[in-house]
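Participant: Sequence:
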Amino acid sequence: MKTLAQLICSDMKVAFGVTEPGAIAFACAKARGLVGGEVLTVTLDLNSGIYKNAFTCGIPNSPELGNVYAAALGAVGGDAGLGLEALEPITEKDNEAARRLVSEGKVTVNLDRITSVIFIRATVQTTEGVGEVTIEGSHTNVTLVRKNGEVLFKANPAAASEDPCGSIKDYTFSQLVDYAKTVPLEEIAFLKRAFETDNALLEEGMREGRTPMTQTLIADNGGRIYNGDSKKSAAIVAVGAIEARVAGVPRAAMSITGSGSHGILAMMPLYAFCKAENRSEEELLRAVCLSCLVTIYIKEYSGRLSALCGCTLAGGTGTAVGLVMLRGGTDDQYFQAICNMAASLTGMICHGGNPGCALKALVGVNMAFDAAMLAMANTSVGCCHSIMGSTPEKTMQNMGYVASPGMTDTEEYILEIMKTRK
Numbered sequence: 412m413k414t415l416a417q418l419i420c421s422d423m424k425v426a427f428g429v430t431e432p433g434a435i436a437f438a439c440a441k442a443r444g445l446v447g448g449e450v451l452t453v454t455l456d457l458n459s460g461i462y463k464n465a466f467t468c469g470i471p472n473s474p475e476l477g478n479v480y481a482a483a484l485g486a487v488g489g490d491a492g493l494g495l496e497a498l499e500p501i502t503e504k505d506n507e508a509a510r511r512l513v514s515e516g517k518v519t520v521n522l523d524r525i526t527s528v529i530f531i532r533a534t535v536q537t538t539e540g541v542g543e544v545t546i547e548g549s550h551t552n553v554t555l556v557r558k559n560g561e562v563l564f565k566a567n568p569a570a571a572s573e574d575p576c577g578s579i580k581d582y583t584f585s586q587l588v589d590y591a592k593t594v595p596l597e598e599i600a601f602l603k604r605a606f607e608t609d610n611a612l613l614e615e616g617m618r619e620g621r622t623p624m625t626q627t628l629i630a631d632n633g634g635r636i637y638n639g640d641s642k643k644s645a646a647i648v649a650v651g652a653i654e655a656r657v658a659g660v661p662r663a664a665m666s667i668t669g670s671g672s673h674g675i676l677a678m679m680p681l682y683a684f685c686k687a688e689n690r691s692e693e694e695l696l697r698a699v700c701l702s703c704l705v706t707i708y709i710k711e712y713s714g715r716l717s718a719l720c721g722c723t724l725a726g727g728t729g730t731a732v733g734l735v736m737l738r739g740g741t742d743d744q745y746f747q748a749i750c751n752m753a754a755s756l757t758g759m760i761c762h763g764g765n766p767g768c769a770l771k772a773l774v775g776v777n778m779a780f781d782a783a784m785l786a787m788a789n790t791s792v793g794c795c796h797s798i799m800g801s802t803p804e805k806t807m808q809n810m811g812y813v814a815s816p817g818m819t820d821t822e823e824y825i826l827e828i829m830k831t832r833k
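So for the sequence shown, this note's numbering puts the first residue at 412; every next one is plus one.
These are calculated hints, taken from the structure and not from any lab test.
Keep in mind it's a predicted model, so treat the numbers as computed, not measured.
Hints are supplied without guarantee of correctness; some may be wrong.
Below, computed lysine-lysine pairings styled on BS3-like, alpha-carbon distance capped at 30 Å [claimed, not checked]:
| id | residue 1 | residue 2 |
| --- | --- | --- |
| 1 | K830 | K517 |
| 2 | K603 | K642 |
| 3 | K580 | K805 |
| 4 | K642 | K686 |
| 5 | K642 | K805 |
| 6 | K558 | K517 |
| 7 | K580 | K565 |
| 8 | K603 | K580 |
| 9 | K805 | K592 |
| 10 | K592 | K580 |
| 11 | K592 | K603 |
| 12 | K603 | K686 |
| 13 | K592 | K504 |
| 14 | K504 | K558 |
| 15 | K642 | K592 |
| 16 | K565 | K517 |
| 17 | K517 | K504 |
Could you put the whole structure together from the sequences, leaning on the hints where they help?
Facilitator: Okay, here's the thing in structure tokens:
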């Protein structure tokens with residue numbers, strides 16, 4: 412069995428832009444690469460989560476938005492060898508070719524199924540033949556490769572899934588806390604890569620002038636990111652990185668559970684808090700380790716892509732318990748922080764990757780700080796109420812259960828509204 416540090420490390424991936432357009436581009440680039448030639452048509456079949464999250468999302472190295480252009484750009488100029496960074500080499504010439512395909516009606520995107528389980532089938536017809544690639548379970552988990560009708564590769568989606576988090580269900584919350592407190596620091600030093608990656612994304616977004624919400628928050632903080640208020644600083648850093656990401660700023664984010672926004676919200680508020688409060692690197696790494704484990708735990712029950720905003724709920728809850736750790740909280744105070752997050756944010760909808768994600772991040776960071784503050788004062792929504800469970804584990808499981816299958820109908824209504832915008 413992998414150690415918990417290995418679970419986090421294998422789950423963390425650099426993602427160029429939002430992961431859903433990146434996964435679409437990867438699939439289309441791989442399908443086109445099977446046959447070569449000039450792209451004639453692109454057909455994409457998606458599960459509801461991928462369809463929704465990429466619907467109007469910004470695309471790196473392009474002024475265009477959405478899953479149609481992610482597919483077209485991946486097919487004409489993407490590099491499948493780069494995985495979720497497949498759009499990194501896109502040029503203006505590729506953008507022109509993609510626009511022609513879209514304007515001529517040569518790119519078709521279909522909603523194939525309503526589910527939180529990732530599904531992408533990319534079929535690319537070129538002057539040399541037809542390539543088809545299917546991805547299931549996680550953003551780069553290829554389960555079928557077909558060239559001109561001939562199956563070149565096939566895998567059982569359940570057996571082949573890259574999901575590294577299954578065994579996290581075997582742990583209690585107390586075990587996660589104990590692990591984060593005692594794991595040798597060298598085993599979690601890799602977490603520092605996330606701070607470097609996401610800070611670079613934030614800085615690039617600000618340089619390009621594509622983070623207006625963040626600039627407003629900075630102005631409200633005396634014109635500085637760090638100005639004596641750790642809560643405001645944490646919000647600025649998280650909102651800024653997410654705002655840049657969904658705008659399509661050509662810088663990578665560090666994702667966990669298949670989402671850069673989850674990674675940002677689970678890690679960057681704690682980074683900002685520790686910087687503002689002059690905490691040690693060890694304190695930071697241990698708090699972020701726990702935050703990532705809690706985020707992964709909740710997502711194991713909610714599914715990768717559902718109608719619930721996992722960024723605020725899972726990533727935000729991770730940050731809340733990380734803050735309790737940094738403040739020397741007790742086992743009961745960890746539980747109270749989780750209950751406060753469950754009571755306040757469960758049910759916040761996800762309506763795709765767009766600037767609204769930055770606003771949700773603002774809510775998530777502020778609530779995480781408030782949940783931790785209340786918990787440290789031994790104040791919380793009691794475990795006898797509503798969806799709260801009798802244990803931290805049960806409460807986190809209930810959060811996930813509300814998302815999937817609980818919000819399946821909500822997903823359908825969100826998609827119906829979005830489809831009217833075509």
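Participant: With reference to the structure, classify each hint as holding or not holding.
Facilitator: Now for the hints, and whether the structure bears them out:
1. Note on K830 and K517: the hinted pairing holds, with a Cα-Cα distance of about 19 Å set against a maximum of 30 Å.
2. The straight-line distance between the Cα atoms of K603 and K642 is roughly 21 Å, inside the 30 Å bound, and the hint therefore holds.
3. Restraint check for K580 and K805: satisfied, since their Cα atoms lie roughly 11 Å apart, inside the 30 Å limit.
4. Pair hint K642 plus K686 holds up; C-alpha atoms about 11 Å apart against a cutoff of 30 Å.
5. This hinted pair checks out: K642 and K805 have alpha carbons roughly 29 Å apart, not beyond 30 Å.
6. Our distance criterion of 30 Å between C-alpha atoms is met by K558 and K517, whose separation comes to about 20 Å.
7. As the CA atoms of K580 and K565 are separated by approximately 28 Å, the hinted pair is consistent with the 30 Å bound.
8. Taking the CA atoms of K603 and K580, the gap is about 26 Å. The hint holds against a cut of 30 Å.
9. With a C-alpha separation of about 22 Å, the suggested pairing of K805 with K592 holds against the 30 Å cut-off.
10. About 19 Å separates the Cα atoms of K592 and K580, which keeps this hinted pair within 30 Å; it holds.
11. At roughly 17 Å between alpha-carbon atoms, K592 and K603 fall within 30 Å of each other, so this suggested pair holds.
12. With a CA separation close to 13 Å, the supplied pair K603 and K686 stays within the 30 Å bound.
13. A C-alpha spacing of about 51 Å is found between K592 and K504, which places the hinted pair above 30 Å, so the restraint is violated.
14. A distance of roughly 27 Å separates the Cα atoms of K504 and K558; the hinted pair therefore holds under the 30 Å criterion.
15. As the CA atoms of K642 and K592 are separated by approximately 23 Å, the hinted pair is consistent with the 30 Å bound.
16. Restraint check: the Cα-Cα separation between K565 and K517 comes to about 27 Å, which is no more than 30 Å; the hinted pair holds.
17. Only pairs whose Cα atoms come within 30 Å are accepted, and K517 paired with K504 is accepted, the gap being roughly 18 Å.
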